[in-house]
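Protein sequences appear in the order of chains Y and S.
Residue numbering for the first sequence is 152 to 555, as defined by our numbering.
Residue numbering for the second sequence is 97 to 535, as defined by our numbering.
No lab work stands behind these hints: they were computed from the structure.
A virtual CB, placed ideally from N, CA and C, is assigned to each residue, including glycine.
Check before you lean on any hint, since a few could be wrong.
Said to hold, decoys possible - Here are the in silico distance ranges between beta carbons for each label pair:
#1 P164/Y <-> I490/S: 43 to 51 Å
#2 M167/Y <-> E231/S: 52 to 60 Å
#3 K104/S <-> A262/Y: 41 to 49 Å
#4 L427/Y <-> A382/S: 52 to 60 Å
#5 I490/S <-> A541/Y: 16 to 24 Å
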Amino acid sequence: MKGLRKLLDKAKPNFMPGGKYAKFQSVFEGFETFLLTPNTVATSGVHIHDSNDSKRTMSVVILALMPALLFGIYNIGYQHYLAIGNIEAGFLSMFLFGLAALLPKIVVSYAVGLGIEFIGAQIRHHEIQEGFLVTGILIPMICPINTPVWMIAVATAFAVVFAKEVFGGTGMNIFNVALVTRAVLFFGYPSKMSGDAAFVATDPVFGLGAGNVTNAFSGATPLGQAAIHAGEAAPQLTNIVGEPISTLDAFIGLIPGSVGEVSTLCILIGAAILLLTGIASWKIMGSVFVGGFFMAFIANTFASTAYPVSMLAPIDQICLGGFAFAAVFMATDPVTGARTETGKYIYGFLIGVLAILIRIYNGGFPEGAMLAVLFMNAFAPTIDYCVVNANINRRLKRAKATND
Amino acid sequence: MSNFKLKKGVNLSLAGAIADTTVATASPKRFAIVPDDFTGIIPRLDVKEGDKVLAGDALFHDKNHPQIKITSPVSGTVETIERGERRKILSIVITPDSENQFKVFNTNDAKELLLESGLWAAMRQRPYDIVPDPEVTPRDIFVTAFDSAPLAASMSIQLAGKEAYLQKGVDALAKMTAGKVHVGCAPDAELSLKGCEVNTFAGPHPAGNAGVQLANVKPVNKGEVVWTLDAVAVARFGELIATKKLPVETIVAVVGENVTTPKLVKSTNEAAIASLTDGNIADAAASRIISGNVLTGVKVAANGYLRFPYRQITVIPEVKDDAEFMGWASLSPKKFSLYRSFTCRLFGAKKPFSFDSKLNGGERAIIMSGEYDRMLPMDIYAEFLIKAIIAFDIDKMEQLGIYEVAPEDFALAEFADTSKLPLQHIVREGLDKLRKEMN
């Protein structure tokens, strides 16, 4: 490490105020502290500190996202080869196809977001904050695979600037940045974000996976199918070539959908990592699932043909679409969520209820999780306000009781 | 009497605890009083360099309340009065006589005795966590009878043989309040005292903090004043009333990983550190000497002094190694964290652990939620209060309980904070600014 230290020390003066590259001071320091954890010592207050820091926290979240990401990459390839009728293509070619399709989006998301973050840090003379490390991987994971790269770039830039930097950067934003990115895409380019053509990569990528789509192909997601279902009986969901799928298939995740959200199993592995390490709040995560089940159960009990999605069993509602992903990775964002312990139950529960409510009763949006989380992001401060106000009133009452 | 069970907080197990409770004796060659240690007092000197003083003679008094005096713990000569920027008094250094000679106070009024002898300054008042205003009668007085801070020696060592004085002190205090004297004990070390209410507090640190105890017994409301002090100070009150001389003896715990043999040393308040730690520090160059505990103590130089009101010297390693390659990804079991993403949790974080002075990260906006609340067993939304203090929104601060807290109550939260904010400093500044604004 001595060599690396020397190298950095040699380069450092160039990046300090007055140096050649003073405009990149924050960037340099960001990389420096990333590579070599600094030995800063406590100067005021407590003399010892917990080893956990922001970098560690974000790394754990990224680690928790890995199972869902890797499965998502494989599933891109799987759906593609299924669509072209070449299901014997093998694990490796499916994975490589998925990687080739997704990697440019990850690179673009990080490049655009971190670029803006670097500029913001330099303007404020802050250290670079790690929040976007998670956001940057979330964005490609919550978009359909056929979203054009330039759209991701535009939406990411918009979200980072207007949902985060204008509020003061990581820790100050009101709305979840990744979801704002998706909302921008969803409302800006609706044709690319929903429908039958969005979720299955049918064209070859970089020459990989050439072939023609089979006749049986239909790219509708299970929720998309349910939304247009007609008739009294509960809809029989199918995969993209018309074979019926079970709840177990939906749970494991070899179904069309946004990249990271398909496998409930992998998402739950991520949830276990977040909860065991204590990084995410089990109160929020648990109550989203409870709220979702609750609403799905009510809707299913009063199922009607006017709202065909209500005919899905509650367990299917949880396994399909982005519900589980939103519960585990979006609702638990501590910055945009409720910050009081009581508030976390209310916040999570309402996200669960709203996600299923929107999904079932609003035909325009087959996926409600995004809107539910964003909506509750806006209400989280209000929930906290009420919880804190109860404490304030308790204090006032106590003072009044003793002064009388 | 009530038994409180507190769940929040954590006991940090640091290496270097005292194993042997025999008490050695030190004979310090120098003493220093630091006016900054007496929060809330604006010092006005009563002595000049070269003056002879007795133990108990006033060195300085408070500008606003001249009856509050800070006195010399030993008889001797005022060697130097160190001054800093704008002639601020940094410390008053005294070289002792060979034999300690005491001033004999000739008043029978307990309050006057306390003020005259300097023992008054061993108390703190809430709100503001300052030396109490003698013109205000407190609602209640809270006495802490155990120290839950990391590596603290048991208070019973200090109190051994002083039970009669302790009772005398409690009796005297009971006459100074309109309410009650509340004594907070550890569940296994209950004191049998009359004329006061004895409560027990089970649970991890900060269960021994006065603020935590009073918040659970009877919280401070706006407009109310309570006094807090520890049982050792109460016993000294009693001894002062009985003997009319200032009790100055104290037993100091010299502890921490970098202490060769952690031990107890009998000495005098405000003694030179060197006399207590001489030859007992391993690798002095790479050590941080703290007067007090690792959470609230003050960093002092090797030639510094035992700062008021501490009875503990903790020596911990000051950054052992070079910058670490990608330290944030470390799986080393040597890193302590309350989060289970660190492997220390797998290999027994409960056994004595090596802590150094590293900050372990950079300062950030508050990101993780609930971290402060988990460390504060009070009915207070710590994070919201901290934000109100940073914004200096007086209404919000009052509503969220600023009058109930002292910086030390936030020490554990500061330890646990992922965003590495200086919480104790924020609270101290907030209290000072608020006090200025309200008076």
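Results of checking the hints against the structure:
1. For P164/Y and I490/S, the Cβ-Cβ distance of about 45 Å falls inside the hinted range of 43 to 51 Å, so the restraint holds.
2. Against the hinted window of 52 to 60 Å, the Cβ-Cβ separation of M167/Y and E231/S comes to about 54 Å, which satisfies the hint.
3. For the pair K104/S and A262/Y, the supplied restraint of 41 to 49 Å holds, since their beta-carbon distance comes to about 43 Å.
4. For L427/Y and A382/S, the hinted distance range of 52 to 60 Å is not satisfied, since their beta carbons lie about 36 Å from each other.
5. Between I490/S and A541/Y the beta carbon distance is about 21 Å. The supplied range of 16 to 24 Å therefore holds.
The structure fails hint 4 only (numbered hints given earlier).
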